[in-house]
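S.K.: Taking the hints into account, I'd like the entire structure generated from these sequences.
Residue numbers (the numbering used here), protein chains in the order written: chain D, 1 to 274; chain S, 1 to 411; chain F, 1 to 294.
Think of the hints as simulated: they come from the structure by calculation, not from any bench. Be careful, since some hints might not be right.
[As the list claims (entries may be wrong)] Across the chosen pairs, the derived CB separations fall in these ranges: (1) G206/S <-> I35/F: 51 to 59 Å; (2) E221/S <-> L78/F: 33 to 41 Å; (3) P85/F <-> S108/D: 24 to 32 Å; (4) K402/S <-> V53/F: 20 to 28 Å; (5) G206/S <-> L57/F: 42 to 50 Å; (6) I24/F <-> S108/D: 16 to 24 Å; (7) I109/D <-> N79/S: 30 to 38 Å; (8) F11/D <-> K402/S: 54 to 62 Å; (9) L257/D <-> I146/F: 35 to 43 Å; (10) G131/S <-> I109/D: 53 to 61 Å; (11) E131/D <-> E280/S: 54 to 62 Å; (12) N104/D <-> R306/S: 42 to 50 Å; (13) M115/D <-> L78/F: 17 to 25 Å; (14) I109/D <-> R103/F: 44 to 52 Å.
[Unchecked claim] Residues of chain D placed beyond 12 Å of chain S at every Cβ, according to the derived structure: (15) L48; (16) P65; (17) P191; (18) V214.
Every residue gets a Cβ at the ideal spot worked out from N, C-alpha and C, and that includes glycine.
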Amino acid sequence: MKQIKLSKIFFWLLLAVMTVIYLGPFLFSVSISFNAEGDVFSWPIKLLPEKWTLNNYKEAWEGLPFSTWLRNSAIITAVQTICNVFFASLAGFAFARLDFPGKNIIFSIFMASLMVPGIILLVPKFIILNEFGMINTYGGLIVPGLVSVVNIFLMKQFFETVPKDLEEAALIDGCSYFRIYWQIFLPVSKPALAAVAIYTFQGAWNEFMWPVIVSTTSDMFTLPVGMSFLKNEFSVNWPILMSGTIMISLPTLVIFLVFQRYFVEGVASSGLKE
Amino acid sequence: MKLSYPVVLVVLLAFASVTACSNKSDKMRFSSWVSSPVETELFKEVLTSFEKENPDFQYDFEPIPGNYSEKLQLMLGTNTAPDVFFLKGMLAPSYMSFNILNPLDELMAGEADFDQEDFFPELLRAFQKDGVQYGLPKDCSPYVLFYNKKQFREAGVDSMPTTWAELESAARQLTKDTDGDGKTDQFGLVIEPVMEMIMPFVYQNGGNFQNPDGSLGIADEPFIEAVEYYYGLYEKGVATIPTDAGQGWNGDTFGRGKAAMALSGGWLLPFLKENHPDLEYGVLPLPAGKQKATIAFTTALAMPKRTQYEADGWKLVSHLTGKEGMKQWTSQGLAFPSRKSVAVENGFYEDPVFSVFMESMEFARPFQVEYSERGFEEAVVALQAIFYTNKEPRQAMKDIAKRIAKYKLTR
Amino acid sequence: MSVFKSKRWEQARTAYLFIGFPVILFSIFTFIPIIFAFVISFFDWNLLIPDKVFIGLGNYIELFNDEVFLIAIKNTALYTVIVVPVQTILSLFLAFIMNQKLRGRTFFRTAFYIPAITSSVVTSIIFLWIYSKPGLLNYLLSLVGIEGTDWLTNPNTALFSIMALTIWSTSGYFMITFLAGLQNIPKSVYEAAAIDGASTWTQFWKITVPMVRPVTFFVVVLGLIGCFQVFDQIYVMSGGGPVNATTTMSYFVYNNSFKFFRLGYGAAGAIVLAIIIFIATWLQKKYFPSNPYQ
Numbered sequence: 001m002k003q004i005k006l007s008k009i010f011f012w013l014l015l016a017v018m019t020v021i022y023l024g025p026f027l028f029s030v031s032i033s034f035n036a037e038g039d040v041f042s043w044p045i046k047l048l049p050e051k052w053t054l055n056n057y058k059e060a061w062e063g064l065p066f067s068t069w070l071r072n073s074a075i076i077t078a079v080q081t082i083c084n085v086f087f088a089s090l091a092g093f094a095f096a097r098l099d100f101p102g103k104n105i106i107f108s109i110f111m112a113s114l115m116v117p118g119i120i121l122l123v124p125k126f127i128i129l130n131e132f133g134m135i136n137t138y139g140g141l142i143v144p145g146l147v148s149v150v151n152i153f154l155m156k157q158f159f160e161t162v163p164k165d166l167e168e169a170a171l172i173d174g175c176s177y178f179r180i181y182w183q184i185f186l187p188v189s190k191p192a193l194a195a196v197a198i199y200t201f202q203g204a205w206n207e208f209m210w211p212v213i214v215s216t217t218s219d220m221f222t223l224p225v226g227m228s229f230l231k232n233e234f235s236v237n238w239p240i241l242m243s244g245t246i247m248i249s250l251p252t253l254v255i256f257l258v259f260q261r262y263f264v265e266g267v268a269s270s271g272l273k274e
Numbered sequence: 001m002k003l004s005y006p007v008v009l010v011v012l013l014a015f016a017s018v019t020a021c022s023n024k025s026d027k028m029r030f031s032s033w034v035s036s037p038v039e040t041e042l043f044k045e046v047l048t049s050f051e052k053e054n055p056d057f058q059y060d061f062e063p064i065p066g067n068y069s070e071k072l073q074l075m076l077g078t079n080t081a082p083d084v085f086f087l088k089g090m091l092a093p094s095y096m097s098f099n100i101l102n103p104l105d106e107l108m109a110g111e112a113d114f115d116q117e118d119f120f121p122e123l124l125r126a127f128q129k130d131g132v133q134y135g136l137p138k139d140c141s142p143y144v145l146f147y148n149k150k151q152f153r154e155a156g157v158d159s160m161p162t163t164w165a166e167l168e169s170a171a172r173q174l175t176k177d178t179d180g181d182g183k184t185d186q187f188g189l190v191i192e193p194v195m196e197m198i199m200p201f202v203y204q205n206g207g208n209f210q211n212p213d214g215s216l217g218i219a220d221e222p223f224i225e226a227v228e229y230y231y232g233l234y235e236k237g238v239a240t241i242p243t244d245a246g247q248g249w250n251g252d253t254f255g256r257g258k259a260a261m262a263l264s265g266g267w268l269l270p271f272l273k274e275n276h277p278d279l280e281y282g283v284l285p286l287p288a289g290k291q292k293a294t295i296a297f298t299t300a301l302a303m304p305k306r307t308q309y310e311a312d313g314w315k316l317v318s319h320l321t322g323k324e325g326m327k328q329w330t331s332q333g334l335a336f337p338s339r340k341s342v343a344v345e346n347g348f349y350e351d352p353v354f355s356v357f358m359e360s361m362e363f364a365r366p367f368q369v370e371y372s373e374r375g376f377e378e379a380v381v382a383l384q385a386i387f388y389t390n391k392e393p394r395q396a397m398k399d400i401a402k403r404i405a406k407y408k409l410t411r
Numbered sequence: 001m002s003v004f005k006s007k008r009w010e011q012a013r014t015a016y017l018f019i020g021f022p023v024i025l026f027s028i029f030t031f032i033p034i035i036f037a038f039v040i041s042f043f044d045w046n047l048l049i050p051d052k053v054f055i056g057l058g059n060y061i062e063l064f065n066d067e068v069f070l071i072a073i074k075n076t077a078l079y080t081v082i083v084v085p086v087q088t089i090l091s092l093f094l095a096f097i098m099n100q101k102l103r104g105r106t107f108f109r110t111a112f113y114i115p116a117i118t119s120s121v122v123t124s125i126i127f128l129w130i131y132s133k134p135g136l137l138n139y140l141l142s143l144v145g146i147e148g149t150d151w152l153t154n155p156n157t158a159l160f161s162i163m164a165l166t167i168w169s170t171s172g173y174f175m176i177t178f179l180a181g182l183q184n185i186p187k188s189v190y191e192a193a194a195i196d197g198a199s200t201w202t203q204f205w206k207i208t209v210p211m212v213r214p215v216t217f218f219v220v221v222l223g224l225i226g227c228f229q230v231f232d233q234i235y236v237m238s239g240g241g242p243v244n245a246t247t248t249m250s251y252f253v254y255n256n257s258f259k260f261f262r263l264g265y266g267a268a269g270a271i272v273l274a275i276i277i278f279i280a281t282w283l284q285k286k287y288f289p290s291n292p293y294q
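M.R.: This is the structure we're talking about:
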């Protein structure tokens, strides 16, 4: 009996330590962001600021084109999320439920492309977009990310689990495939759609490598790109830098907390059984 | 809900293409980098007075934050470059060798009172290739020695260092363990493992990154000696580097009183005023080696070869590098005039701080090499190897020289 | 027959319409770029110079004589070899704990997942501060009497520091993936084992590990691909330094393409990286199949 208790204590201790490791850095940066004193390096390091202030947030917001970057990030993320949900589910439906010549080969090429490192595409994508005159435009930032292969795969896997009888009845009634997709499949696939939406949202919001190359002027920056440059300018002002990073992270955090359930379900339904 | 696929598709595509549309205006564009807020503010004032003088002048000002040079390069390569832009003196050789800048000689000749002779000749030469002028220096700043007056008093250093040996002994005197925990809290000097900061010592020792005949000079004796002296200060514990105290740059270390001396240009002045207003400091010309020398940083205004707004662009360039615009821009000593007459007019030769900078300009040289950036980066790696892995300076420079040689610009 | 045929034709036409947009997008931004990258890797391609010179295998030959590229391969390999196993084991372990009946499970799950949903730029900035010489990590070490180093400017620790950051931020993500796999294992299996007196530890090794093997495969493949391409953290935290200690292949490609502007040379580096990823995935598929009984 005593042994069980000991192992339990050990277990909870371990859990506590892990939680501190995973959350600590964030809590600490929150604490720094409220610190009124510029010097965050004085030892002993204080867990909580001695003087609290909201000024750092104010300065980060006012001193930087934060609202412009926020707007860019929001536009890009919104368009990419909507388009991904729509096109990925549509293509996923076609791959899961329709029969057509070349289906398997197209799908295999899609899947194989997942293995190609993104960095290889960087240079040619840049040159192609430049030919279209899309460098440093919303088009250049958004269009390459309108549909992702992973999302198509996710939707295909999900649609394959939908029972066949619904769709057969509709077919006999003479419904078009688009209506079957729109009125029968979409309503039953909310968890998968939510997963696609959240994945895309998170990926688009945090995307760094592509916008850092395509956006050349500050009015086209996204939040992560802007922040990475701030690091150079505010290298001496950690509190302002930290309040900026907190502000960037909040939207994803809120979305995740609200849609948590869908998220886990979505991953579960993505058919990792393979 | 009677939606059909084509309708949805059209709506989404329209949505996407609307957001894709860029609002490129048909005005002249001008880009600078983004430095401190104080500087940005002042620069905007200069632009405002330019606009007042030229009420019909239409242009867009698009500052580029962050990795300015990489972005500018991309824009030049994709024909989206601004019509007037800042050009770092250090990058001028490679840009000129790629033949992407607009020659300015005819434009200058067309302006009777431009007075080219007024510029510091070294600065003008930094933007010339085969006798053609491709950029005009809008300002400059040499490295001088900042020192902390209070710490000098406390350590009893009363003669200012004027030679390498004196610099080292002063630094030793100023290096202290103030709280007695066995660790140094105040260093004599703060240095950085970067090429720009070593170059003054190299020049003073009669060396150079690139010899006049074009060959690489970094494995030559004068260069190696300078590196050995420079690193020696750190190795002996009388100098520190900013990262050792978690700081981003030497100005911060100096401002916080962790080091009593620092090499810096004029940009440290507004920083200290803003962040450490109580600091008592003075400036000195750099101590001399075999000869007096220092490095000068300079920024030019340049235009891309393919600009469609040559006349407008020149109007802006000639204002900013002309006497009037430069006078306003340099009035506060954030940056120093590249024209001697402006320095005189601003009264910089009488000011105790500014005069040190202006006098240093007499023996200052811009740092430029005809090697690609990759070659320069290799040299920086060699310095890191010395500072972070205790690689012997002589060996490090010899090793790296072999690797850099192949990155010489060929045009 | 003809009705059936027209029905089939209609179905195919609809399908092409449905996958049309993704296929076009994929062609423009993935398929053509791959071929394009391959082509320009045989050229001396500098955007600033109008003439592009065909140099055959010149870029590839230069790559393998380029000390920095060889260091980049070594760094990338080391990075992958350490990060992939550690993050896989750690996330499986976390998922196993989260699959227990546990008070506050949602809280812990969220806590472990937060680093994964946070922008890599943000986590990099936070860890820049933690890793700096007077930063949090060294402070904590000093409490137990260890004098730390400047983690990111010390060539011996820089890459490992970035590895630790990556593991910290990705393990939560893969934990969720594993959790999905674990929830597919019937409870009865564990119950039967418990009746037989198997400890939790034994259950973990004898039931959990073998039964999530397909998920493990998935996690390892994703991990491999991610590690071979690590970029953001390097870009923000170390810029490839000190002394090239954190120059990875992706960073090398970026630097040569966009900083030194040698796009052909950069593309050649990317092609080599792609080949390495293909080989690694293929090896994994061959020697560690997702289902050993197939």
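S.K.: Does each hint hold? Answer for all of them.
M.R.: Verification of the hints:
For the pair G206/S and I35/F, the beta carbons lie near 54 Å from each other, so the given range of 51 to 59 Å is met. Taken as a hint, the range 33 to 41 Å holds for the pair E221/S and L78/F, whose Cβ atoms sit roughly 38 Å apart. At about 29 Å, the CB distance of P85/F to S108/D agrees with the hint of 24 to 32 Å. Distance hint check: the CB atoms of K402/S and V53/F are about 25 Å apart, consistent with the given range 20 to 28 Å.
For G206/S and L57/F, the Cβ-Cβ distance of about 44 Å falls inside the hinted range of 42 to 50 Å, so the restraint holds. Our hint of 16 to 24 Å for I24/F and S108/D holds, since their Cβ atoms are close to 18 Å apart. In this structure the hint that I109/D and N79/S lie 30 to 38 Å apart at CB holds, the actual value being about 34 Å. The hinted window of 54 to 62 Å between F11/D and K402/S holds, with their beta carbons roughly 58 Å apart.
The hinted range of 35 to 43 Å is satisfied by L257/D and I146/F, whose Cβ atoms lie roughly 37 Å apart. At roughly 57 Å, the beta-carbon separation of G131/S and I109/D lies within the given 53 to 61 Å, and the hint holds. In this structure the hint that E131/D and E280/S lie 54 to 62 Å apart at CB holds, the actual value being about 59 Å. For N104/D and R306/S, the hinted distance range of 42 to 50 Å is satisfied, since their beta carbons lie about 49 Å from each other.
For the hinted restraint 17 to 25 Å between M115/D and L78/F, the CB-CB distance of approximately 21 Å keeps it satisfied. The hint said 44 to 52 Å for the Cβ distance between I109/D and R103/F, and at roughly 48 Å that hint holds. For L48/D, the requirement that its beta carbon stay farther than 12 Å from each beta carbon of chain S is met, with the minimum near 20 Å. With a least beta-carbon separation of about 9 Å from chain S, P65/D fails to lie farther than 12 Å from that chain, contradicting its non-interface assignment.
Interface exclusion of P191/D from chain S stands, the closest Cβ pair being 21 Å apart, more than 12 Å. Its closest Cβ contact with chain S, about 9 Å, brings V214/D to no more than 12 Å, contrary to its assignment away from the interface.
Hint compliance for this structure: hints 16, 18 are not met, and every other hint is.
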